[in-house]
Each structure stands twice: as C-alpha cells, then as structure tokens.
Amino acid sequence: MREDRTVANHVRRFFSVILLLVAACICIGWADTWEGIRGATGTIRTIRADFVQEKHLSILSKPFISKGVFHYQAPDSLRWEYTSPVRSILLMHRGKTRRYTDAGKGFVESSRMDSQGMQMVLQEIALWLGGHFSDDPAFDAALKDGRRIVLTPKEKGFSKMIQHIDLMLSDTPGIIKSVEIHEDENSFTRLLFRNAEINEEIKEAVFLEIS
Amino acid sequence: MKNCSLLLMILFLMISCAGSPELVPIQQPLPLNGDRRCMIPFPDRDWQFVHSIQASMPGGQEAVVIGVTGISPKTGGVACVMMTVEGLVLFDARYDGQMIVHRAIAPFDSMDFARGLIDDIKLMFFPPKGPLVASGTTEDGALICRYRTEEGTMVDIVIHEDHAWEIRRYDPDSRLIRSLMTDPGDRRSAGRETPLPGRLKLVAFGPAEYALTLDLIEARELSE
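Protein sequence lines correspond, in order, to chains A and B. The first sequence begins at 8 in the working numbering and counts up one residue at a time. The second sequence begins at 54 in the working numbering and counts up one residue at a time.
Rather than coming from a laboratory, the hints here were simulated on the basis of the structure. All clues stand as given, with none of them false.
Partial list, computed: chain A residues near chain B (C-beta under 10 angstroms):
| id | residue |
| --- | --- |
| 1 | 60 |
| 2 | 65 |
| 3 | 69 |
| 4 | 73 |
| 5 | 89 |
| 6 | 92 |
| 7 | 94 |
| 8 | 109 |
| 9 | 111 |
| 10 | 168 |
| 11 | 188 |
| 12 | 190 |
| 13 | 192 |
| 14 | 194 |
| 15 | 195 |
All C-beta atoms in this analysis are idealised placements derived from N, C-alpha and C, irrespective of residue type, glycine included.
With the rest of the complex left out, here is chain A (with noise of 0.2 angstroms):
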C-alpha cells in the first residue's frame, strides 16, 4: 500500500509539473520580469489548447508521440485529455478528481486518487496562475539570457525523479517555443501547445464527463 502511495505521488508529482507548464505556456513571454508575469495572469478565467508530447529516450530511435488538448477554467477545474495512441482523461472539478484510460475496451475508471496530494496540485496551481513562480515552494524559478526559464526542484528527493525544466520563449509576447522536462540523462519530455484560446466560454461538463 505504501508502495501504491510512492507510485501515485510520483505521478502526482509529474502532473503538477506539466501544469504548470500549462500555466507557463500562457503566462510566461508577456514580462521579462516576475513582476511583469504578476501583473498579466490575473486576467485568465479559461483556457484550451491542443497539445504533443514528444517523450526522448535514449533507447528509441526516434521520439515518442502523444497528442492530446487541454481546457483550464480558473479556479480548479481542469480536463487533461490524451486523444492518441493511448487514450486518457483526467478530471479535476470542485475538488474532485477521477481519471479514466482506455485500453482498447472503452474508458475505465482507474484506482483512487490521492484526493489530499490532487488539493496540493491544485493550490500549486492557483500558485502558478498568478504568476508566482519565485514563490513556489516545489521549484526554483531562474530567469536566464535568451528567454529562458530554468525551473529546479528545491527537494533533493524530487530531483531525483525531475532534474530541471527548461522553458525557451518565443519573441512573441504569450508563446513559448518549446518546454522540455528533464529527467535524467536518458530521458525528457518536450511539450509543445497549440491553437490556445483564452477566455473562451467552457461548459461545466468538459469538466465532469469522459465524453
């Protein structure tokens, strides 16, 4: 069980990373300083924007691809939805949070989320929505030459599973190049967003249904 627990707080802790680079995707490339991103991300109420993951590893000739789409509604609620190869959807809405995979019978609930770790994730990224990245308590946040961000985790045990993140921004205001998750040297994960829209109307059941 406490086995159970390492497994599901690892891929907890994966999660928030890619959420905030959700949150970075949108928020970061309007200022060149913390308090310049401060002072944009107030106005987000609503996002959606498709996504590719493109995962590196050493071992495959080429890179391995996910495409999926994003839709964020400020506070809480948010639906992460992998459309291709392996379908997958992860609900969060009013505090609850279910994921369902299809394995190629049809989506299937999966076991029980630790809902206290999913409440963390969720005020990491209320954190991160107003733009607070220097104060988060996971990363350290590095403003660097060339816009480039490079997040750091600050545990010693996290780093273990995540050793950097670095964040290259485009020269137009609100895009971002590419975002690339750093495991070790075997293996990162680059995420690439497209066609995002920002506060546009998203149903309450985006948030709630698998269909």
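The hints should help you fit chain B onto chain A, whose structure is shown.
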C-alpha cells in the same frame, strides 16, 4: 493470528498451484528436426517495439503504462523502459548478460521485479535456450514444439493453423507458470515475412498472478 495468516497463505499457494493446467499432451509426434514454423514468434533481427500495456494485478487493480522494448536476438540483449501515459519513466533497464537498472521508481525498484520483467520479455521474443525434446500436433491440430530449458523448465511453442501462436512455460513439476497468446485478429507486417501480432496477452500463474495485455503501437527494425 500469525499462524492463521500463514495457514491462509499456504492454502492460497496450494490452490494457486493446483489450479494451473498441466503439460498439454502431444497427439501426433513428429521427428525432432526442429520445425521452422516453431520459430515464427521470434524475430531474428534487432527490433524496437512500443506497446501500451494494460496490467491486471492481484486484488483487481488495473493500470495502463507504455512499454518500450529493444531486443537483439544475436546477442540476447534486452532494453526496456516502462513509463506512464504522461511520460514519467517508472523503470529503465538493460540486460546484456548482466542487469543494469538505470532508473526504477518504487514499487518497481526491486531486483526481483527487474529479473521478472526481463524474463517475461525474453519469453516473448527469444527462442527457448535448451534442446527440443518433443514435437507434434495437439488435439486441435496445432503444431507444438517442446523445449527443456537450462533452468529445468519446459517451454511449449504452439503454432495454430491461422499462424496465431502460444508460448507456455512450465515449472519443473509441469505446472503452467506463464502463458503468452497472440490475438490472431490484428497483425502488422512491418516489413516482416511473418506479421507481428497487434496484441499479446501474458498471464503469470502462481501465488502472485498477473495479466498483461500488450497492444502494439510502433514496431521498428533497427539497422546495423
């Protein structure tokens, strides 16, 4: 209480073992000249596979992960990465005569897990190491080749008329401990003379039973 638990565990082990099917009888023996059809399941070149893996664990728990497997039949080498759909690597290891674990997150961080995983991969993709001791046909007309491995286990390779196949491994007491089946309905050629199975189902019998359903996402033959 402790004795009671022990008794239950022994009882559970007895039930688990007693429930395992025994060796399938060979109806029509064939000469021991090594029918090449029995090698159909095993690639003879280096390949890399990506599967989605649905794992059914004891207690009814289910999980879906992505598995990346690299095999090198000439050297017997295996590389394996297991990760979540989100891309978090849970396990990363290589076997080239000896095991090197690059990364393992609990509960996948024991050497027993690593050895078990590599053994399962070798069962799926490499021919048995040991002599052919019997061959023939089964009651339903399938071709069967039986090997005795170096570890004293028995491995049956069963090729059905539609080219679907099964691999069964038995312990030294002839109890079934692993069963691998292909889904005949979904195959991909991937440039190979014998198409690759789109789905593999592995069942591990015994005190810690589990079942893995592997759906092929990508297959790539690796050049020299």
